[in-house]
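*Asks:* Residue numbers (the UniProt record's numbering), protein chains in the order written: chain A, 1 to 261; chain B, 1 to 261.
Incorrect hints may have been included.
For chains that are exact copies, the list does not tell them apart, and a pair is met inside one copy or across any two.
List of simulated lysine-lysine pairs, DSS-like, C-alpha gap at most 30 Å [said to hold, decoys possible]:
{"no.": "1", "residue 1": "Lys8", "residue 2": "Lys261"}
{"no.": "2", "residue 1": "Lys202", "residue 2": "Lys261"}
{"no.": "3", "residue 1": "Lys169", "residue 2": "Lys8"}
{"no.": "4", "residue 1": "Lys199", "residue 2": "Lys231"}
{"no.": "5", "residue 1": "Lys234", "residue 2": "Lys202"}
Derived by calculation from the structure, the hints in this document are not laboratory data.
Protein chains: 2
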Amino acid sequence: MADTAYTKETRNTVRRHRERGQYDFATVHSIVNQASILHVSFLPTDPLEDPFPTILPMIGSVGLFSNPDNDPGAQPLDLYIHGHSASRLMRLPTAQGLEQVPVCVAATMLDGIKLALTPFNHSCNYRSAVLHGYASIVTDEAEKSWALALITDGLVPDRWDNSRVPPTKAEMTSTTVLKVSVVSASAKVNSGEPGDDRKDLKDDAVTSSVWTGVLPVHEQIGAPQPSSTNKVAKVPQYLDQWWQAENTKRETYAHDASRPK
Amino acid sequence: MADTAYTKETRNTVRRHRERGQYDFATVHSIVNQASILHVSFLPTDPLEDPFPTILPMIGSVGLFSNPDNDPGAQPLDLYIHGHSASRLMRLPTAQGLEQVPVCVAATMLDGIKLALTPFNHSCNYRSAVLHGYASIVTDEAEKSWALALITDGLVPDRWDNSRVPPTKAEMTSTTVLKVSVVSASAKVNSGEPGDDRKDLKDDAVTSSVWTGVLPVHEQIGAPQPSSTNKVAKVPQYLDQWWQAENTKRETYAHDASRPK
């Protein structure tokens with residue numbers, strides 16, 4: 001049987017709350033592609049001169065150029081991020097003199113705030129994925145175009161085909177796409193109601209005074225605000241249907257995640 | 001006059017879209033304390049064996065123990081994060097054999113998706129802060145308690161005093177607080193409508209077919225869901241007022257950020 005999960009290694013094994021750890025391709029990939037923002041971390045060029053890693057917030061998606069219509073749960077995928085060619089992250093392979101730069105990418109969605117009797121038992125509902133891999137510049141033009149469409153449609157489905165495409169040559173030159181070949185990955189998912197210690201639950205003075213439960217949280221998309229130069233009077237259907245359905249989906253997830261398991 | 005901003009150094013200077021860079025204490029600190037999730041990155045223990053940095057999502061706040069009622073715009077603040085004493089990040093100083101571990105902390109809020117005529121000009125409205133500093137374990141008991149209250153009230157204001165406190169000795173032992181002494185920091189803020197190239201704006205075939213504008217985005221808090229063991233029938237006022245006011249504040253910010261500047 002083919003693998004359906006990332007291998008558990010020292011680097012990606014969830015140790016605290018092991019029961020929250022998930023390694024299957026489907027879960028890891030769906031978290032990355034559902035998270036609006038990815039955080040990308042890289043090492044300093046010269047740790048003796050400057051010892052700090054750096055994190056930058058980015059937009060990106062996972063996919064498989066060699067088989068774009070793949071089942072995202074069937075195999076490891078590559079992660080693509082893009083930016084202006086002059087930006088710090090996109091210049092990283094050149095700046096560090098490496099074809100492949102080791103990076104870490106985190107995708108996190110907060111799903112709720114869990115309020116327990118005591119601060120110690122407060123926690124959050126969330127879905128998070130952490131990937132480690134090597135970032136390199138995509139030089140193949142077909143792969144680059146495909147990745148740009150993947151990332152754009154990751155923001156708003158079908159947006160690529162509904163905007164002015166293909167990009168001009170100048171636009172393509174000004175944009176760099178980095179592909180992260182994933183070497184390890186894992187996800188961590190927490191849901192349900194807060195847990196409390198038996199001793200607190202038996203203390204009437206405590207239970208009668210402290211409200212416990214979950215505040216569900218989701219990222220809400222507001223009604224589309226046309227720009228001052230917009231000439232299309234009606235919000236197109238692909239966009240109007242998407243943001244409303246997406247809100248319902250997200251709100252439902254957060255609400256369901258708040259329930260006792 | 002006393003400094004009111006972090007010094008611009010190589011590490012924290014915003015280079016792409018310099019006009020979005022902000023260094024003042026007030027902006028950096030308010031982004032960190034408004035973001036629900038912080039991403040914390042650290043270096044590998046032995047880069048020759050494992051070359052990857054790692055990012056973990058965390059909860060935390062900035063504050064000043066020596067002067068808790070400070071004006072957050074008046075001086076640099078320390079960043080506090082907490083976790084179970086056995087967790088990877090909390091064990092980091094011990095595991096790396098360092099009293100002070102170099103870390104990077106990122107706080108990001110997505111405020112909108114900007115849809116331009118061409119994918120190249122798509123972008124996002126956001127507020128982000130990136131801090132570099134040294135993380136060390138807080139050993140002073142008074143500072144540790146104060147930091148735990150700061151972090152808990154950062155999740156939901158006034159929650160600390162409205163839960164079962166003080167923590168037991170076992171709870172305090174099981175919890176570690178890391179303090180990050182910030183050595184450099186900057187913020188990047190983008191708002192407004194999408195920008196388009198003159199050539200596209202003059203092309204009637206393009207402008208008549210592509211809707212442009214902003215989808216405002218904010219993190220929405222849902223109605224409190226009581227846990228199965230909750231005994232307080234009515235959601236307390238400090239909580240009920242907060243989540244509703246917070247939603248209004250966040251929604252208003254995202255909506256206002258979508259307007260032409």
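*Asks:* Against this structure, judge whether each hint is valid.
*Replies:* Results of checking the hints against the structure:
no.: 1; hint: Lys8 <-> Lys261; verdict: within (26 Å within a copy, 49 Å between copies)
no.: 2; hint: Lys202 <-> Lys261; verdict: within (21 Å within a copy, 56 Å between copies)
no.: 3; hint: Lys169 <-> Lys8; verdict: neither (43 Å within a copy, 35 Å between copies)
no.: 4; hint: Lys199 <-> Lys231; verdict: between (64 Å within a copy, 15 Å between copies)
no.: 5; hint: Lys234 <-> Lys202; verdict: between (58 Å within a copy, 20 Å between copies)
Checked against the numbered hints given earlier, this structure breaks only hint 3.
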